[in-house]
Amino acid sequence: MTVLGHLSLWLAFLVGLWGAITGFVGGAQRRPDLQQSARHATFALFGAVLVAVISLEVAIFRHDFSVQYVAAYTSRNLPTFYLWSALYAGQKGSLLFWAAVLSLFAALAQLLTSRRHRVYLPYVAAVTCLVTTFFITVMLFAANPFERLAFPPPDGAGMNPQLQNPGMVVHPPMLYLGYISITIPFAFAIAALLSKKLDSEWLGAIRKWTLVSWLFLGVGLLLGMWWAYVELGWGGYWAWDPVENVALLPWLVMTAFLHSVMVQEKRGMLKKWNLALILGAWLLSIFGTFITRSGVIASVHSFTQSSVGYFFLAFLIVGAIASAILYLKRLPLLTAEATLESMVSREASFLFNNLLLIGLAFSVLWGTLFPIISEWVRGVKITYAGATFNYVNIPLGLALLLLTGIGPLIAWRRASLANLRRQFAVPATTGVFVLLILLVAGMRDIGALLAFSIGALVLATVIQEFARGARARHRQYGESTALAVVQLLSRNRRRYGGYIVHVAMVLLFVGFAGMAFKTETQATLRPGETATLKGPDGHVYAFTHLGVSQYNALNREVTAVLVDVRRDGKPLGRLRTEKRQHVDALGRRTFEPSTEVGIMSGLRVDLYVVLAGLVNGTEQAVFRFTINPLVWWVWFGGFVFVIGGLIVLWPGGTVVAVKGSAAPRAQAGYAVKLEAER
Amino acid sequence: MSDQLSRRGFFAFAAAAAGAVIQDTANAGRVYDPGRAGRSQAPTTAGDNDADIQMIEKRLKCSCGCGLDIYTCRTTDFSCTYSPALHKEVLRLTGQGKTAQQIIDEFVAQYGEAVLMSPPRRGFNLAGYFVPALAIIVAAVLLVRVLRRWTREAQVATSEVGTSRPNASPVELERLRRELDRLPG
Numbered sequence: 001m002t003v004l005g006h007l008s009l010w011l012a013f014l015v016g017l018w019g020a021i022t023g024f025v026g027g028a029q030r031r032p033d034l035q036q037s038a039r040h041a042t043f044a045l046f047g048a049v050l051v052a053v054i055s056l057e058v059a060i061f062r063h064d065f066s067v068q069y070v071a072a073y074t075s076r077n078l079p080t081f082y083l084w085s086a087l088y089a090g091q092k093g094s095l096l097f098w099a100a101v102l103s104l105f106a107a108l109a110q111l112l113t114s115r116r117h118r119v120y121l122p123y124v125a126a127v128t129c130l131v132t133t134f135f136i137t138v139m140l141f142a143a144n145p146f147e148r149l150a151f152p153p154p155d156g157a158g159m160n161p162q163l164q165n166p167g168m169v170v171h172p173p174m175l176y177l178g179y180i181s182i183t184i185p186f187a188f189a190i191a192a193l194l195s196k197k198l199d200s201e202w203l204g205a206i207r208k209w210t211l212v213s214w215l216f217l218g219v220g221l222l223l224g225m226w227w228a229y230v231e232l233g234w235g236g237y238w239a240w241d242p243v244e245n246v247a248l249l250p251w252l253v254m255t256a257f258l259h260s261v262m263v264q265e266k267r268g269m270l271k272k273w274n275l276a277l278i279l280g281a282w283l284l285s286i287f288g289t290f291i292t293r294s295g296v297i298a299s300v301h302s303f304t305q306s307s308v309g310y311f312f313l314a315f316l317i318v319g320a321i322a323s324a325i326l327y328l329k330r331l332p333l334l335t336a337e338a339t340l341e342s343m344v345s346r347e348a349s350f351l352f353n354n355l356l357l358i359g360l361a362f363s364v365l366w367g368t369l370f371p372i373i374s375e376w377v378r379g380v381k382i383t384y385a386g387a388t389f390n391y392v393n394i395p396l397g398l399a400l401l402l403l404t405g406i407g408p409l410i411a412w413r414r415a416s417l418a419n420l421r422r423q424f425a426v427p428a429t430t431g432v433f434v435l436l437i438l439l440v441a442g443m444r445d446i447g448a449l450l451a452f453s454i455g456a457l458v459l460a461t462v463i464q465e466f467a468r469g470a471r472a473r474h475r476q477y478g479e480s481t482a483l484a485v486v487q488l489l490s491r492n493r494r495r496y497g498g499y500i501v502h503v504a505m506v507l508l509f510v511g512f513a514g515m516a517f518k519t520e521t522q523a524t525l526r527p528g529e530t531a532t533l534k535g536p537d538g539h540v541y542a543f544t545h546l547g548v549s550q551y552n553a554l555n556r557e558v559t560a561v562l563v564d565v566r567r568d569g570k571p572l573g574r575l576r577t578e579k580r581q582h583v584d585a586l587g588r589r590t591f592e593p594s595t596e597v598g599i600m601s602g603l604r605v606d607l608y609v610v611l612a613g614l615v616n617g618t619e620q621a622v623f624r625f626t627i628n629p630l631v632w633w634v635w636f637g638g639f640v641f642v643i644g645g646l647i648v649l650w651p652g653g654t655v656v657a658v659k660g661s662a663a664p665r666a667q668a669g670y671a672v673k674l675e676a677e678r
Numbered sequence: 001m002s003d004q005l006s007r008r009g010f011f012a013f014a015a016a017a018a019g020a021v022i023q024d025t026a027n028a029g030r031v032y033d034p035g036r037a038g039r040s041q042a043p044t045t046a047g048d049n050d051a052d053i054q055m056i057e058k059r060l061k062c063s064c065g066c067g068l069d070i071y072t073c074r075t076t077d078f079s080c081t082y083s084p085a086l087h088k089e090v091l092r093l094t095g096q097g098k099t100a101q102q103i104i105d106e107f108v109a110q111y112g113e114a115v116l117m118s119p120p121r122r123g124f125n126l127a128g129y130f131v132p133a134l135a136i137i138v139a140a141v142l143l144v145r146v147l148r149r150w151t152r153e154a155q156v157a158t159s160e161v162g163t164s165r166p167n168a169s170p171v172e173l174e175r176l177r178r179e180l181d182r183l184p185g
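Quick note, the sequences are listed as chains A and B, same order. Numbered according to our numbering, the first sequence spans residues 1 to 678. Numbered according to our numbering, the second sequence spans residues 1 to 185.
Quick caveat, the hints were computed from the structure, so don't treat them as lab data. Fair warning: this is a prediction, and the values are worked out from it, not measured in the lab. Even glycine gets a Cβ: it sits at the ideal position worked out from N, Cα and C. It is possible that part of the hints are untrue.
Straight-line C-alpha distance at most 27 Å; calculated DSS-like pairs for lysine-lysine [claimed, not checked]: (1) A/381 <-> B/58; (2) A/534 <-> B/58; (3) A/518 <-> B/58; (4) B/88 <-> B/98; (5) A/518 <-> B/88; (6) A/196 <-> A/208; (7) A/381 <-> B/88.
Calculated from the model, a selection of chain B residues having no Cβ within reach of chain A, i.e. all distances over 12 Å [what the hints assert, rightly or not]: (8) 36; (9) 45; (10) 52; (11) 76; (12) 85; (13) 88; (14) 89; (15) 95; (16) 97; (17) 98; (18) 99; (19) 100; (20) 105; (21) 110; (22) 113.
Okay, chain B solo, but in the shape it has when bound:
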């Protein structure tokens, strides 16, 4: 009895699904050669445009080797079979009520840390984030010290040579400075 019900249920579901597809494409005629248009696409669902889903997918890398995140890959390279599958996986986990972080953790557990588009900011990964900035700060400190030394040397050299003040009053010097400031350069 339960088998019969189950079979009846299955046929009902199949009929409904076929009806939905027919209904869905009722106003859209068949094209001459579907094969040349690439892989057949499923109609867009609310999950495809969900901002929270997209946010999760943008943090996860597609495993097809394109180097893109799941969201960008599935909306760019429509021949990729990995990103739609990974998208479905994200939808499934979201449907189970998991939070974004839980979903990401699940992907990391399954595919490893390389699945993250940005490495987590801890341990050795911190070097990836902060070594360039640290290097620049250290170089800047060194540069300032070198520049200071150079300017000190220049001052010493000037004082050793001695300066002969020009035969001009402070007012005239100020005027000269203003005139020179006006020159381009």
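Here chain A stands alone, though its shape is the one from the complex:
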């Protein structure tokens, strides 16, 4: 099977090259035969890469330790669940997974793109084939997943214990899906540039793809946070690690695009900017891959240092130069169809929103690279870690949250003073009211105060928007409030789904702010002894060590400690925290013992218990007890984010007009109003 896998990679390499050449030539010369060949190449490419994936999975499931990758990341006693995820547990396998998903998306782009956008497809086939071929090239020449060992070991090294977590089974694929799917909008952007069809038609073709990419990246980031929280044991979920940061960058740029694209759709403006955002998002996704896989910046998440990084660096540079040249050559064709009529308008607010999102992305990028820059400039290596990132980025994040509340309140084209007064009265009052209540209640943390009060303003904005929409429907159609809200969501999914995403952002910020009030203590307890800790919610939590048990599981030797938890003397339940010593099928210990955290999650606080270890091999145990406020709201915010994203993404609803396209335009009523005002 491994020979078949290796051969199919070579076949995919050749098919990918063919698809790229025929796509570019067929598009440029308008030759239907070559265009058709490029289209078929995308399907053949997917088929060939799929065979390679199946070959590697078969080797993994058969425990074929003659394959170096299988021996390095699995063992005979690895649970079946994790045998699946072993495909992307290491550098080589994850490259294959990446190529497989990209070739699938390339084929889907050919199949699902509507007839109206067919003109772009040869170039799209060419770009997607080219990018997939790059990944296959890396595998063939630097990181072959089918590399054989001369002397196969009796058992594999096994999977890193921290990867043996359900979160790690779904987090990488989600993040990869997000990263990879950015290639499709990028391919359409390149197609629009090459074909010189730079009206807003190509935006219609990529709308769903950008949303899919943005949603997957967002879910991937959230799952990564959840994994870090439940698995790593430090009690937080975001450490501004370089690998986390570089995954955030394309998401921020895509978020900016999803806002600014509305201006192009409604007004035919910002064509240059939107194209630049799509090109930038893709380049950042390759940059992120380079950082993750090169080991150029130290990170707990990066793969081992290898020559793969040079491939990605070269690809990034070539991609950036080619995109920039093409973009600059087509700039004269990217003229706006309308101009801004007022500084106080939805268009302007979107531009400021973009400024902050791109500013935040730049800030994160700057912080991530600053240790390297410092070393270049001064020859001194410095650390740019969590506290510094927070110092720089929290104000930007809060300003962005504020714009989330302000933006939807400002009318398109021009907002009158009366309109502003009417729109802002309730949200602004709500925000100030919450601020005063929190001040009176004794809260003094400025970041948290602002997060909560701005969050209240945004929530009030969303509620007001829903209430007004529902009232209008009630007046017009006589619908009940509940039905009107459902109709609003189903008929204008993009707008009201977007508001739900705004609510998710508020929930996330509330959760983030909660961490300002985290409390923790360490204690050494014998069975029966109790440690107490006062939480930020005013309650006293008591943790009683109930005893230690040791037992063997499938691929690990477990030391488990049970802790009884009480709040103000009332029983809350029991928590279990563990030390796991992983072993292979021969009983050999494979990794350093890992820690499994005990978490009791609630709306107000999370109780987070970590077993540090035992004292002199006795049942006397050392613990870290942490009370993390409002963490539940982060995960709930993530859930709401997914719901909002799915509503926006769901097919159907109102057809949103694209300026310059044959489709009908929305919101024509405003034109009447503004003509009248002049």
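Guided by the hints, dock chain B onto chain A, whose structure is given.
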């Protein structure tokens, strides 16, 4: 004589220490296989939970390569041997009566500036803190100027085309505006 005393003192200390350990773990039975529970831990001391010590340790990076500060590393990755040693070093320096800043300065002298979790706000490091904010401010100023130019162009274009006032009174226009304001969007 002094040697004898010293030896006696040593045995007394050893006996007391053994007694303390026995006393400490007296009510805690041995587990079946201590090896599977990771590195043996020392019982928590007051210094481990001292807020001032924690504050110092949160400003200093562990040298094991985890990227975490000493406090977070020693209370998270219990297989790390660096952070407990660095913690002891902080305790030792605190025991000598040194202030937080003196301890941090001593670490910087020994391990270099990279030991600080946040670079000091001076010299080139200021770029690390303020370049993003400056870039955003400059971009905002440019954006406002571009927006102003656009709005001016729009006004000129409108005045060149000329406007035909609708056949409606100011009261009617105000009513229209109110009605339109009520529409969602």
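How the hints compare with the structure:
Under the criterion of a C-alpha separation no larger than 27 Å, the hint pairing residue 381 of chain A with residue 58 of chain B is consistent with the structure, at around 19 Å. Annotation: proposed proximity of residue 534 of chain A to residue 58 of chain B holds, straight-line Cα distance about 21 Å (limit 27 Å). Restraint check: the Cα-Cα separation between residue 518 of chain A and residue 58 of chain B comes to about 14 Å, which is no more than 27 Å; the hinted pair holds. A hinted pair counts as satisfied when its Cα atoms are at most 27 Å apart, and residue 88 of chain B with residue 98 of chain B qualifies at roughly 14 Å.
For the hint pairing residue 518 of chain A with residue 88 of chain B, the CA-to-CA distance comes to about 25 Å; that is within 27 Å, so the pair holds. The hinted pair formed by residue 196 of chain A and residue 208 of chain A meets the criterion: a straight-line CA distance of about 22 Å does not exceed 27 Å. A hinted pair counts as satisfied when its Cα atoms are at most 27 Å apart, and residue 381 of chain A with residue 88 of chain B qualifies at roughly 25 Å. Residue 36 of chain B, annotated as away from the interface, has a beta carbon of chain A within 12 Å; the closest lies near 4 Å.
With a least CB separation of 9 Å from chain A, residue 45 of chain B falls inside the 12 Å interface cut-off, contrary to its annotation. Non-interface call for residue 52 of chain B relative to chain A: holds, since the shortest CB-CB distance, roughly 15 Å, exceeds 12 Å. Taking the minimum C-beta to C-beta distance to chain A, about 4 Å, the non-interface status of residue 76 of chain B is violated against the 12 Å cut. Remark: the non-interface label on residue 85 of chain B is consistent with the geometry, its nearest Cβ contact in chain A lying 16 Å away (cut-off 12 Å).
No Cβ of chain A approaches the Cβ of residue 88 of chain B within 12 Å, the least distance being about 15 Å, so the stated non-interface status holds. No beta-carbon of chain A comes within 12 Å of the beta-carbon of residue 89 of chain B; the shortest separation is about 18 Å. Listed as a non-interface residue, residue 95 of chain B keeps its Cβ farther than 12 Å from every Cβ of chain A; the least gap is roughly 19 Å. In this structure residue 97 of chain B is separated from chain A by more than 12 Å, as the shortest Cβ-Cβ distance comes to about 24 Å.
Residue 98 of chain B, annotated as away from the interface, keeps every beta carbon of chain A farther than 12 Å; the closest lies near 22 Å. Listed as outside the interface, residue 99 of chain B is consistent with that label: its C-beta sits roughly 20 Å from the nearest C-beta of chain A, beyond the 12 Å cut-off. In this structure residue 100 of chain B is separated from chain A by more than 12 Å, as the shortest Cβ-Cβ distance comes to about 15 Å. The Cβ of residue 105 of chain B lies farther than 12 Å from every Cβ of chain A, with a closest approach of about 16 Å, so its non-interface assignment holds.
Every C-beta of chain A lies more than 12 Å from that of residue 110 of chain B, the closest at about 15 Å, which supports listing it as non-interface. Residue 113 of chain B, annotated as away from the interface, has a beta carbon of chain A within 12 Å; the closest lies near 5 Å.
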